[in-house]
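J.: Line by line, the protein sequences are chains A and B. 383 is the number of the first residue of the first sequence in the working numbering; add one for each residue after it. 383 is the number of the first residue of the second sequence in the working numbering; add one for each residue after it.
Hints listed in this document are in silico derivations from the structure and should not be mistaken for laboratory results. Hints may contain errors.
The list cannot tell twin chains apart, which means a pair is met if one copy fits it or any two copies do.
[Said to hold, decoys possible] In silico DSSO-like pairs for lysine-lysine, Cα to Cα no more than 27 Å straight-line:
#1 K894 <-> K473
#2 K418 <-> K758
#3 K1050 <-> K457
#4 K888 <-> K741
#5 K407 <-> K431
#6 K437 <-> K660
#7 K1050 <-> K767
#8 K431 <-> K741
#9 K1050 <-> K758
#10 K1048 <-> K517
#11 K864 <-> K979
#12 K979 <-> K888
#13 K510 <-> K758
#14 K741 <-> K418
#15 K838 <-> K436
#16 K660 <-> K587
#17 K894 <-> K741
#18 K457 <-> K894
There are 2 protein chains.
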Amino acid sequence: MASSSPSPGASLDEWRKNATFDGGKMRVILQGGREKLSLKDEIWQTLEKDTLFKKPNRQLSLDEVRLLTHQRWKKVIEYGFVCDPYAEYEKFSALLEVLEEFDTALQARVTLHSNVFMGALTSMGTEKHAKLIEKGNRNEIVGCFALTELSHGSNTQNIQTIASYENGKLVFKTPHIGAMKVWSGNLAQSATHAVVFAQLNVGGKCEGVHGFVIQVRDEKTHRTLPGIRIGDMGEKPGQWNGVENGWMIFENYSCSPDALLNRGCELTDDGRYVHSFKSDRDKKSVSLGALSIGRIGIVGKGVNACRVAATIGIRYSAVRKQFGPPNGEELPILSYPLQRRRLLPALSAAISIGFFQTKMVDLFAQYMARVLSGEKSDELGELSKEVHGLSSCCKPRSTWLGVNALAEARAACGGHGFLYISRLNELRDTYDPSQTFEGENNILVQQASNYLLSQKKQGVLSSPMGSTDFLQSRPCTFTGWKGDSIENVISAYEWLLHHTLNKTEKALEERKRRGEDAFTARNETQIDTAHPLAIAYAELTMIKWAIEGVEEIEDEKCRCVLRRVIGLFALSQLQPHLDLLYIGGYCSGPEFGTRVKEEQLSLELSLSPECVSLVDALAPPDFALASALGASDGRAYEHMVEDFRSREIDRAPFADDLVRVIQANKDKAKL
Amino acid sequence: MASSSPSPGASLDEWRKNATFDGGKMRVILQGGREKLSLKDEIWQTLEKDTLFKKPNRQLSLDEVRLLTHQRWKKVIEYGFVCDPYAEYEKFSALLEVLEEFDTALQARVTLHSNVFMGALTSMGTEKHAKLIEKGNRNEIVGCFALTELSHGSNTQNIQTIASYENGKLVFKTPHIGAMKVWSGNLAQSATHAVVFAQLNVGGKCEGVHGFVIQVRDEKTHRTLPGIRIGDMGEKPGQWNGVENGWMIFENYSCSPDALLNRGCELTDDGRYVHSFKSDRDKKSVSLGALSIGRIGIVGKGVNACRVAATIGIRYSAVRKQFGPPNGEELPILSYPLQRRRLLPALSAAISIGFFQTKMVDLFAQYMARVLSGEKSDELGELSKEVHGLSSCCKPRSTWLGVNALAEARAACGGHGFLYISRLNELRDTYDPSQTFEGENNILVQQASNYLLSQKKQGVLSSPMGSTDFLQSRPCTFTGWKGDSIENVISAYEWLLHHTLNKTEKALEERKRRGEDAFTARNETQIDTAHPLAIAYAELTMIKWAIEGVEEIEDEKCRCVLRRVIGLFALSQLQPHLDLLYIGGYCSGPEFGTRVKEEQLSLELSLSPECVSLVDALAPPDFALASALGASDGRAYEHMVEDFRSREIDRAPFADDLVRVIQANKDKAKL
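Could you put the whole structure together from the sequences, leaning on the hints where they help?
T.: Structure below.
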């Protein structure tokens, strides 16, 4: 075999020549601006030079990956990319983006301490905890967050761990196996401290769920403290073995009452519990408010999943040739409409939700600054509800899209997509849990429909962030395709939102009239009503904010191609709602549905010459993606063969045994 | 913590009490009848007693799993469950079902030799190969099948490996890296022989793709023979590391011309190639006919995937409690309509496609018997086309459903579903490649639409298996819901098939009129036309054959509940086509779509008390499923805790290093 023979694949550079825009400019736009991009690139370059960050071409064992994650975490701290996460917010967020794109587990190792644990201390603690916060910022302790229990995840208000205030001490108990703390990341092996949620018991009375910060391991010996038992949750799919999810059982663990994260409440020296919460809701908003920041972050995980799915899927499809016209050359499979349908919507989602996410993060940062400043205005109350409602449906929408994009990209790459070195299954498994953590998606979306229902009931037609402004519009049925695709899609969504909102409201009223309790009525009105309402709310807001983001772009060529990208996202999101649009009477006859389908096909065709360069603007560096199929040089075949050649086999380890079996079968036949 | 505390979960036995049918009778029905069930149970019992078949609660390394698969394969042979796969067909098929449910890789280890390699020898070879067939049947050789090349999978006619007939010898060459054989299971470590496909070159003329059987390793030393290089493809997801997929490069490997699998053709001693094929199509039907049996088998993989998804998802959801009415107890999550929607369609698919598959396998066996007897009738020709057309869309439909069912079940089990010991991600990854092997699904379905188009063109309105009989009906638009759900669904499908068939045909004609070649025209008319046509064809046939199977059941209670199951399958399959039914004009206004959705909801409610017992009738034994969440005793929490407790950690292996890092950070702060 001639090793100098030409590559069997097509050239990515040929595809790149066809793009209508400047790749460098597009990369700046899609990576969050010049400043953030240069911060990210600097970190990427450092990591790329360090062999510790070279990805192996096989799955590591649990012990191997734990050690490697520990070593990488240590190295990230040593590099000192960021000294103070709060003062250097831009730098810290660039670092987290890089780590997330490099390895989810490593990102989790950092954020579980710096964002989740420290965030809880900051938002729920008081000056009593200032010293611990300082130590945390300097990495002199390792923190974890322990809320979920074996038998309670979504229903956090019903957790069963008990913290009793007895004789001036807080005593933690795990009353039964259902109450053991589970899934706490960093807990199994590294944590010295934990934020723990428990039912606070004072003088025989349960005061409800509260947060506490406790020490779990000795700082010098790193052994578990008496009264606590800690263990590992075992193996998990994807990159998650790198995260030490732990379980914890309390056997009368006792500590100072200063452990209570006492913003708004206090344990007095004479054994009482006092608080300044106006309502139960008020209390919950302190103790569990820390969670909504997580959901907004996870929208970004969906974006990332779509990015890597599109990157690997599109690059490989641009290179892979199969079949062709009679007597012609074989064509790259990306030339086929069906293959574009499998990959281009994921690309459009990565870009569109990316724009949405940028705006959402900005608005959320402004919101949090107002909350932390102690503002208590009505408008802030409204904003708080909107943040909660919108994040509760956008996190599900984004993560579903991301996981599905990776699954589809795997299959679209055919058999070779199934190789470990394609990374697609590992990535799918890596993003899979984003669908269930920080709120199982199907339960979470119910928060969004509840929010819209309560807004409507109270007659609140607009919202601080503008996401419910559609309530002010008068929904119109379809009378003909007018203007561009996005306008038509938005009109259909606005009608659909009114329609499903009214339908849900009526169904709930009807059930209540029949004597059903509110809980049952809500459960029975999810499918075909509240559920699609919440999803449509997420999608419409994503589309609107994405197009807003695009209109602000100065470079005309980039803006022009990105408009088409958002158009494809809008059309592909609307498609699954066509049935409800017809059944509900938004449209009838062939025009609307046919047009939606035709416009999507035509945008996919028009984006075909752009998509390789769009992917270049989104993709992480090759060493981080580490996909033989998705490398930016387009030499997918060569990368596979390089790996294969390193696995040449002369004889299997069990060859002697096999020869014996074969001989025995021969001997048997002779009898 | 009191270890005697009651389980936090609900009881599976309470659910079981609500079923309206006899569980034992149902198990006989759903496991293929009394005889097959007792054959399967016998094998299950033997394996369960053998510790070699105990599943570890962690992922094994590549080397570990290879060795274990080899040992298990050896043990299966030693047990002698089946002496002659052909003479004891029923027993052999029971064995394969058990192995598939136990571990896909082990099943592959057996079938790649016994079915794929031996099947190719039998169907393509002649008396020249009788001796090798005998040796194969006695496991004196280990066979593999090498068709796919690095740059050619779907387009098998364009493979590049060359077999030249020179000086009385066949000489094999791999002309470039794109032509290396890849993905050949059993090749990397075990195979002594391979069926290899190559372009046959005689006297400078290429005679097209032919099959050959060659020896690849020395039988005594088990070393690779000169002129051949073999290696491993590296790691793969799910259970597939147990399969030694290999690559192979030929460097002028030379062997006797008897290697040619010469049914219908011959290499003469004077260096010529002669054949008795009437046409190119005739030749292909010999050399590649061996593949359609594989596709029908893979329909069963989809069924199995749905089975285990439903088993784990439903059992855990019946036990897991979360939320509840105000002041009431928490409810098992299976009580919520949204949770049922996520799991019951998978259960209905497992059962419905199971009935379809049983009939399909029977008909295929009859067909193969006629082919092997040498029959050459027109009716057999028609049957051959139908087998090809139908298997080409049912394999995709079934495997898509199976993989999606596992993904959905994982998320429906929440966080705990993500534990390795739930097995759901491993199973999803295990079934994932069924979507791309033996024909990538999206390419394969095109064979089905091509078949329907050619039938219509030729005016053939009925077919030997009856699957195209709908062509005889006059499609009617919807005029009101009449009779039971299934009748309504079938009418809608028949209309949809006529509609999409006409639409595809017209679109193709229009494109040809505009001068497009047939290849391009076909590619451009997949989305929204040929693709949904093929899918609908698969679904309608599955529904019809499933209901036929159910009507033959004697026990009335079983029949009654299974009718509802098939009804749910029918409605849930039709739902995604509602848009085309409205756009195309089958229906307008709310009635049809609303009714389809209402009927599905109501069947899901009515099957809620049945589903745990239905799952019992389908499930593999606990030791084979090996899922902490899906155990038949319903003690999901206890099984998880047992595993967790075995992973109690006092101190991480890297604790010393961690303490040093923390101390260093403290020292830094003091400076």
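J.: Now tell me, hint by hint, if it's right for this structure.
T.: Hints, one by one, checked against the model:
Proximity of K894 and K473 under a CA criterion of 27 Å is satisfied in neither setting, with 52 Å inside one chain copy and 58 Å between copies. Taking CA atoms no more than 27 Å apart as the test, K418 paired with K758 passes in neither setting, with 33 Å inside one copy and 71 Å between copies. Taking the shortest alpha-carbon separations for K1050 and K457, only the inter-copy value of 16 Å comes in at or below 27 Å, while the best intra-copy value is 61 Å. For a Cα distance limit of 27 Å, the shortest separation of K888 from K741 qualifies neither inside one copy, at 34 Å, nor across copies, at 47 Å.
In this homomeric assembly, K407 and K431 come within 27 Å of each other (Cα to Cα) only inside a single copy, at 26 Å, whereas the closest approach across copies is 65 Å. Within a single copy, K437 and K660 get their C-alpha atoms no closer than 52 Å, and across copies no closer than 54 Å, so neither meets the 27 Å cut-off. For the homomeric pair K1050 and K767, neither the shortest alpha-carbon distance inside one copy (77 Å) nor that between copies (43 Å) is at most 27 Å. Taking the shortest Cα distances, K431 and K741 never come within 27 Å of each other, neither inside one copy (33 Å) nor across copies (60 Å).
For a Cα distance limit of 27 Å, the shortest separation of K1050 from K758 qualifies neither inside one copy, at 87 Å, nor across copies, at 40 Å. For a Cα distance limit of 27 Å, the shortest separation of K1048 from K517 across copies, 8 Å, qualifies, whereas the shortest one inside one copy, 72 Å, does not. Taking CA atoms no more than 27 Å apart as the test, K864 paired with K979 passes inside one copy only; the shortest distance there is 15 Å, against 31 Å between copies. With identical chains, the CA atoms of K979 and K888 are at most 27 Å apart between copies only, with a shortest distance of 18 Å across copies and 32 Å within one.
Taking identical chains as interchangeable, the C-alpha atoms of K510 and K758 lie at most 27 Å apart only when both belong to the same chain, with a minimum of 23 Å there against 90 Å between chains. Taking CA atoms no more than 27 Å apart as the test, K741 paired with K418 passes inside one copy only; the shortest distance there is 15 Å, against 61 Å between copies. Proximity of K838 to K436 under the C-alpha cut-off of 27 Å is found in neither arrangement, the shortest distances being 53 Å within a copy and 57 Å between copies. Proximity of K660 to K587 under the C-alpha cut-off of 27 Å is restricted to the intra-copy arrangement: shortest distance 19 Å within a copy versus 90 Å between copies.
In the homo-oligomer, the alpha carbons of K894 and K741 never lie at most 27 Å apart, since the shortest distance is 39 Å inside one protomer and 48 Å across protomers. Taking the closest pair of Cα atoms, K457 and K894 never come within 27 Å of each other, the shortest separation being 59 Å inside a single copy and 63 Å across copies.
Comparing the model with each earlier hint shows violations of hints 1, 2, 4, 6, 7, 8, 9, 15, 17 and 18; every other hint is respected.
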